Each structure stands twice: as C-alpha cells, then as structure tokens.
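4 protein chains.
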Amino acid sequence: MKTFRYEGYGIPDEDFIRGSAPMTKEEVRSLTMSKLHPGKDEVALDIGAGTGSISVELAYCCRKVYAAEMKPVALELLETNRERFGRDNMEILSGAAPDSLASIGEPLDILFLGGTGGNLRQIMDWAEDRLKPGGKMAANFITMENAVDFLRLLREYDYQEIDVTQVQIAKGRGIGKLTMLMGQNPVFIISARRRDHGEI
Amino acid sequence: MKTFRYEGYGIPDEDFIRGSAPMTKEEVRSLTMSKLHPGKDEVALDIGAGTGSISVELAYCCRKVYAAEMKPVALELLETNRERFGRDNMEILSGAAPDSLASIGEPLDILFLGGTGGNLRQIMDWAEDRLKPGGKMAANFITMENAVDFLRLLREYDYQEIDVTQVQIAKGRGIGKLTMLMGQNPVFIISARRRDHGEI
Amino acid sequence: MKTFRYEGYGIPDEDFIRGSAPMTKEEVRSLTMSKLHPGKDEVALDIGAGTGSISVELAYCCRKVYAAEMKPVALELLETNRERFGRDNMEILSGAAPDSLASIGEPLDILFLGGTGGNLRQIMDWAEDRLKPGGKMAANFITMENAVDFLRLLREYDYQEIDVTQVQIAKGRGIGKLTMLMGQNPVFIISARRRDHGEI
Amino acid sequence: MKTFRYEGYGIPDEDFIRGSAPMTKEEVRSLTMSKLHPGKDEVALDIGAGTGSISVELAYCCRKVYAAEMKPVALELLETNRERFGRDNMEILSGAAPDSLASIGEPLDILFLGGTGGNLRQIMDWAEDRLKPGGKMAANFITMENAVDFLRLLREYDYQEIDVTQVQIAKGRGIGKLTMLMGQNPVFIISARRRDHGEI
Chain A
224 MKTFRYEGYG
234 IPDEDFIRGS
244 APMTKEEVRS
254 LTMSKLHPGK
264 DEVALDIGAG
274 TGSISVELAY
284 CCRKVYAAEM
294 KPVALELLET
304 NRERFGRDNM
314 EILSGAAPDS
324 LASIGEPLDI
334 LFLGGTGGNL
344 RQIMDWAEDR
354 LKPGGKMAAN
364 FITMENAVDF
374 LRLLREYDYQ
384 EIDVTQVQIA
394 KGRGIGKLTM
404 LMGQNPVFII
414 SARRRDHGEI
Chain B
224 MKTFRYEGYG
234 IPDEDFIRGS
244 APMTKEEVRS
254 LTMSKLHPGK
264 DEVALDIGAG
274 TGSISVELAY
284 CCRKVYAAEM
294 KPVALELLET
304 NRERFGRDNM
314 EILSGAAPDS
324 LASIGEPLDI
334 LFLGGTGGNL
344 RQIMDWAEDR
354 LKPGGKMAAN
364 FITMENAVDF
374 LRLLREYDYQ
384 EIDVTQVQIA
394 KGRGIGKLTM
404 LMGQNPVFII
414 SARRRDHGEI
Chain C
224 MKTFRYEGYG
234 IPDEDFIRGS
244 APMTKEEVRS
254 LTMSKLHPGK
264 DEVALDIGAG
274 TGSISVELAY
284 CCRKVYAAEM
294 KPVALELLET
304 NRERFGRDNM
314 EILSGAAPDS
324 LASIGEPLDI
334 LFLGGTGGNL
344 RQIMDWAEDR
354 LKPGGKMAAN
364 FITMENAVDF
374 LRLLREYDYQ
384 EIDVTQVQIA
394 KGRGIGKLTM
404 LMGQNPVFII
414 SARRRDHGEI
Chain D
224 MKTFRYEGYG
234 IPDEDFIRGS
244 APMTKEEVRS
254 LTMSKLHPGK
264 DEVALDIGAG
274 TGSISVELAY
284 CCRKVYAAEM
294 KPVALELLET
304 NRERFGRDNM
314 EILSGAAPDS
324 LASIGEPLDI
334 LFLGGTGGNL
344 RQIMDWAEDR
354 LKPGGKMAAN
364 FITMENAVDF
374 LRLLREYDYQ
384 EIDVTQVQIA
394 KGRGIGKLTM
404 LMGQNPVFII
414 SARRRDHGEI
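Residue numbers (my numbering), protein chains in the order written: chain A, 224 to 423; chain B, 224 to 423; chain C, 224 to 423; chain D, 224 to 423.
Hints are not guaranteed to be accurate.
Just so you know, same-sequence chains aren't split out, so a pair can sit in one copy or run between any two.
As the list claims (entries may be wrong) - No farther apart than 25 Å at their CA atoms in a straight line, the calculated lysine-lysine pairs in the BS3-like style are these:
#1 K287 - K394
#2 K294 - K394
#3 K355 - K248
#4 K287 - K248
#5 K355 - K263
#6 K400 - K294
#7 K287 - K355
#8 K263 - K294
#9 K263 - K287
#10 K394 - K248
#11 K294 - K248
#12 K355 - K294
#13 K400 - K287
#14 K400 - K263
#15 K394 - K263
Please keep in mind that the hints were generated in silico from the structure rather than gathered at the bench.
Note that this is a predicted model, so its numbers are computed, not measured.
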C-alpha cells in the first residue's frame, strides 16, 4: 500500500482518484470536517459518499465509518479510494438510504449528508433512532433550495446549535509572476446537533 | 442594423459577439460603468478594449469613445461589436498604448484600463497630460499583483477618491426546480479621480 | 435645491440621508438597477422603498416612480431624499402593499421589491393585473429563505428569464499604504420578466 | 483545569478569551491549520501569535509550539489561553521577531505568520537557517499589499508548492425562521514549502 504524506484531514484533491464524478473540494472538505469535530472513538456515517473523500478523512479520525452510496460508478471510486488510503475501518453500503443502512448495528456520533437522493425527510426520521442525542450532523449544499429545505427540517426536528456557513473560495493560479484568482462555486455548509433529550 | 433591447449599460453578455477572447462579465461591467459615472457630454478612452463590451456601453452614454486595442483578433471583434450596436461615436485605435493614442486630440473625462500590456507607468505618465483634472480613471484586475501595482501607482501619482471594490459573483443555474450557484472569478474594480490641480 | 454630482445610477451611499434604517449599498444598488434596465418612458414601483435610494435612482431614469413604504420613520427619510434630489416624478404611497397601491392608475413596466412585509403572494397576485406582460420584476434578499420562497413563486407564476445573482462585495479601506478588504453581507439579486401572454 | 469539548482544530471562537484584539475567525483558522498539516512529532512556531488561537490548535496537534508576540496586551491573552486549554507544550516568546526567537534550539517543521511587524524579509532570512528543508510555512493576510509582498518573497526565496486561497465566509444569523447571511472580511491564506535542497 502506498503511503500518503498526509493523514487526518487536509488531504489534497489530487491524492484522490476522482473519475468524472464531482468531489467536495479540499477547502470545503476541511471546513466540513472541522465542523464535525471527529473524535477517535466515534462512529460516523457518510450518506451519498461519492468518491469517498469525506469518508476517507473521517476514517483517519474516527473508529468506524460507514460510507453509503447508490450510484454504481461512485461505488467503484469509493472502493478504490478506501484501498488507496488503506482505510480498513471504512465500510461501504450500497443502495439508496435509508433502506441501505439496515446493517448498521451501533448508534452514530456523526452523520454527514453529501447527497440524499431526495429522501431527506426519511433520513431525518431514521436519524431520530440512530444518531445519538447530542450527535453531530452536517451537510453540504450547492443549491439554495436544498439548503433552505434542510434548514427547515433541522428546525422542525428541533436540532440544536445550527450553524450555517457559506464559503466562497478563490484559488490563485500562477501565471509567470502573476497570481490569477479563480473562483470556485460557493457551498453552504450546515451543521447542527441532535437535541440531547425529549420528544419533538 | 439590428435593434437591441437594451441601451446604456446592463447589456447581457450574450448580446455581444465574443469569439474565444475573455470578456468582462455583465455584472462586473455594470459595476465598473457605475463607478465611471459616464456623462452624455463626456469623452472616454478604453485601453485594452478587447471585445469592446465596455466601449459599447460607454458609447451609449458618452459623446465620444476611443477604444484602443493591440491584438488583431480582438480588433476584429471590437469592430464587429461596434457595428452590431451601431455606435458611430466609437473610434478604434490599433496598436500598443500609449503610442497608439497620438491621434486623440481632446482632453479625456474618463480613462478605463481593461488591459495594459505591461505599460502601466507609461500610461499613467500619458494620463498626466490627457486626463482632465478631476477626470475619472478605473481598471479591472484578475491578478493580485497587477491590482496592487496599480494601487501603488495611483498613490504615487496622487490620485484622489481611490475606491477598491472586490466583487465576487455567483450566478444561479436552474436545474429543474433547483438553483445551483456557480461562482465566477473575483475581480478587483479600482477607480479614482485625477487630482484637481497642483504638481505631484 | 442642491445639485448632485451624479445623476442616473451609481450615486454614492453618503449622498443619501440615511438615518438608522438599513440601505441597499451602492454596489448592490447599481447591479439591481442594471438588471431592471430602466427606460426613460417607463413607469416603476418600488415596494418597501426604505430610504428611497432605489426609488431616487429609478426616478432619474424613468418617467414616473411610485415609492411604497409602511414604516413611519422610513417614510420621512423617503420624503427627505426625494426633495434632496429634486425628484418630482417620484410619488410616495404610505401603508402596507398591496392595499396601499390602489391609487396607481397606470400599468407598470418595472416592479422592485425591497421589502414585502410578508405579503409576497398577495403582491404577486396584484402584479398579475398591474405589471405589463414582459414587465420587469426584481428583488434583493439577505435571507436564504425569502430568496428561495420568491424563486418558487416566480416559477409558480410562470415568470420568464429568471436571473439569480448572488453578489459578495469587499471594499478596500485604506490604512496608510495598505488596503484592507472589508466584507459586506452577500445579497441575492433576483430578477425576471412577466410572461408575455397566456394564463398560468 | 476546565475541560473543553473539542481538541485538535475547529475550536469555536467563543471558547477563547479574546479581549479587544482581533482574532483569526474559526473557519479561517481551520483552513489555515488544514494547509499546515500538523503532525504529532512536529515543532511549530507562530509569529505574531495574538490571542493564541492558532498556537493553541497547533499545540493540540504538534509536539512543541513556540508562540512569539510583541504586544503586551496580546501577551497576556496568549498566556491566559495557554492556561485555559492546558497546553504545556506551548512556549511563549516575548518581543519582536526575529530577535525574540534566539532561544529556539531546534529546527522547525512549521512556521506560521500571523503578523510580522514589517520584518518580513528578516524573518524569511531567519527561516533559511531554522525552517527544515521541505518545512511548511503559511500566513494569513487581510491587506492586498502584504499578501502580494509575501508572495513575491516566497518566489524570491524559491519556496515550493505555493498555494493561494482567498476565503470569503458568510455566517447565517437566525432571525426567527429566517437565516440572514452576514459577510466576514475576506482573508488570503498563503502556504508553501521551503525547497528541499540547494542554494537560492
């Protein structure tokens, strides 16, 4: 197995095998990880794991990571990146969530939503049983409507410490002695904690 | 001649013939125009006019516009867009500034720098004679170094009312009922006025 | 009456009397105006006119501007700014829209929403009768939820050419020979045209 | 000693004692940390440590952190935050860099510049002897001029893997059921590695 220079988070984009699928960019990934505060004894689930960049970084920090994905092409990339980084504590779940999550036998500390295939409310319901009280949830959005719908669900399900961070990154591209700023797409990073006790 | 729906500024990008040359995007163009406050009796010069999008909008608002450009491909686009919008008060000057500007026989109210081919200091010197006291200068930059060098020259030449605006635009792209935000490159819009009197 | 240096749009913020009410900042105002493409024979309505900065700029460009506002403090500022800029073609309507709009006897070319007091759907219904087919509508939003709700209404009412522009401005503040970039709040500028014919 | 919920990086701003001094905001701090890829056996130096937010986070990740600061008020906050988080591996150096750095007896893996008091070139010279070949340097800038001058020095001193990231964060502020986006000031995060061998 190849050894990578960086462990934990902050892995450069080019270290992942990407294919043509979209991947959370390095800076947005780091910020998202930082909002999740992964702990070394924690268990995490990444729904819509895509190429697995978030799952791999979580797997460097947590005891166990479940990576759920429904698209066949992405599943292959996910497997490739798990092996590439040697993350044996990362388990891949195939199919549409929440149906695909039945085999998870332990309560979760962290739930990250990279893509939900339109089943957001079902996943929120599922999380009521499976995400620990006080457990951390985060999601990234590139569309305004999905960001707002998620925010409204977080309030409806009485999530606490809701944090909304819109991040707009521009990267310098060197052209001779000049540095041209190239804008990336803005992303909404939304994170919150499940309430500690009580019914909604 | 085709009639265009919009006159003045705020012309949509797609109304211009663009070729493969980069063009100031609609929103950055509108903001730049707004900083220049073009008046109907004023005379403007656009150095590095490119496709001519700024020159055309200036020509809707001002008495006379000189559009200087050195690249042959851009010169063709410039001519095409001048005719497309029927701007007879727009005169095209071919070659590298400031040498190419010798034929301008009247003092300028407005000087816009879209690209300077590295002759920034010579152009500042030239402007000492040709831009009216109190005259308006503006420039757009996509590189940090050129923006800073221009700012330092504005201070050295004792320009007044220096305004620095970095604008970062994201445009919504409709995907079904969703709106994805697509980031554009950030641009520095820098504007100032020549001092009203006195030597530097 | 004082004469102002600038007419049309691009009026600096400090030229307006502002009080403590929030005011659309210069750059966002210019971009919004540019999306509305005001024409000299057109009639405009500004709902939630606030200090009147958009109304005043529209009044420099259009034949007639109605400025509707319900808050007493803002109404005073609106009146002050109308007089300050000598915009006799600007008529102030007091009270909550759409009830306050009954006296408008002519069809509108332009409808700008600066604030709607929660009556967005009623205003959209009202606009079905009063905004000309092909007429221009625009609104500025600082909250994600209101931006998304407006977008959904525009689609429901079959508006055309929907444009979503999120603008994030940073202004340079000079500190000696250094330029510190100060971020403003991002604003969603959403514009569209009423469909040209047909029922929804 | 109080126990804090979060260790490593991603510590919320409000967990630090801040006084009136400016502090790197949470998101910018996380991104900066992520660019530095701190390792558990590494030694770091933070010049212009200010309130110590970066030093504290580095001290959770690295073997040893030197925090240099010249302003008396900041030195007190630095000491307070070191104790608050119980970071015994964080050593505070008082005075202007590079003179204040004489007591550092080991080569550095990481050099972070939070503020340089105008001694940038002297610090670059000092780093030629003290930062390991391949060692990581990063700095944050809020002014365009300092960012560009640092970039030019990095090129002059032949630094490798220069990364320029301009980050613009907007934070959601909940107002009832609405989320208002509040813009922060944009920051340039610039990072690079010292060349591995050879003279400049």
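Hints and how they fare:
1. K287 - K394: For K287 and K394, the Cα distance exceeds 25 Å both inside one copy (33 Å) and across copies (31 Å).
2. K294 - K394: Result: close neither inside a copy nor across copies, 30 Å intra and 28 Å inter.
3. K355 - K248: neither (28 Å within a copy, 29 Å between copies)
4. K287 - K248: within (23 Å within a copy, 30 Å between copies)
5. K355 - K263: Answer is within; shortest intra-copy Cα gap is 16 Å, inter-copy 30 Å.
6. K400 - K294: The answer is between: 22 Å across copies meets 25 Å, while 43 Å in one copy does not.
7. K287 - K355: Within. Shortest intra-copy distance 15 Å satisfies the 25 Å Cα cut-off; inter-copy 35 Å does not.
8. K263 - K294: neither (29 Å within a copy, 37 Å between copies)
9. K263 - K287: both (9 Å within a copy, 22 Å between copies)
10. K394 - K248: For K394 and K248, both the intra-copy (11 Å) and inter-copy (19 Å) Cα distances are at most 25 Å.
11. K294 - K248: within (20 Å within a copy, 36 Å between copies)
12. K355 - K294: neither (28 Å within a copy, 45 Å between copies)
13. K400 - K287: Neither: 45 Å inside a copy, 35 Å across copies.
14. K400 - K263: Neither: 43 Å inside a copy, 35 Å across copies.
15. K394 - K263: Close neither inside one copy (32 Å) nor across copies (28 Å); limit 25 Å.
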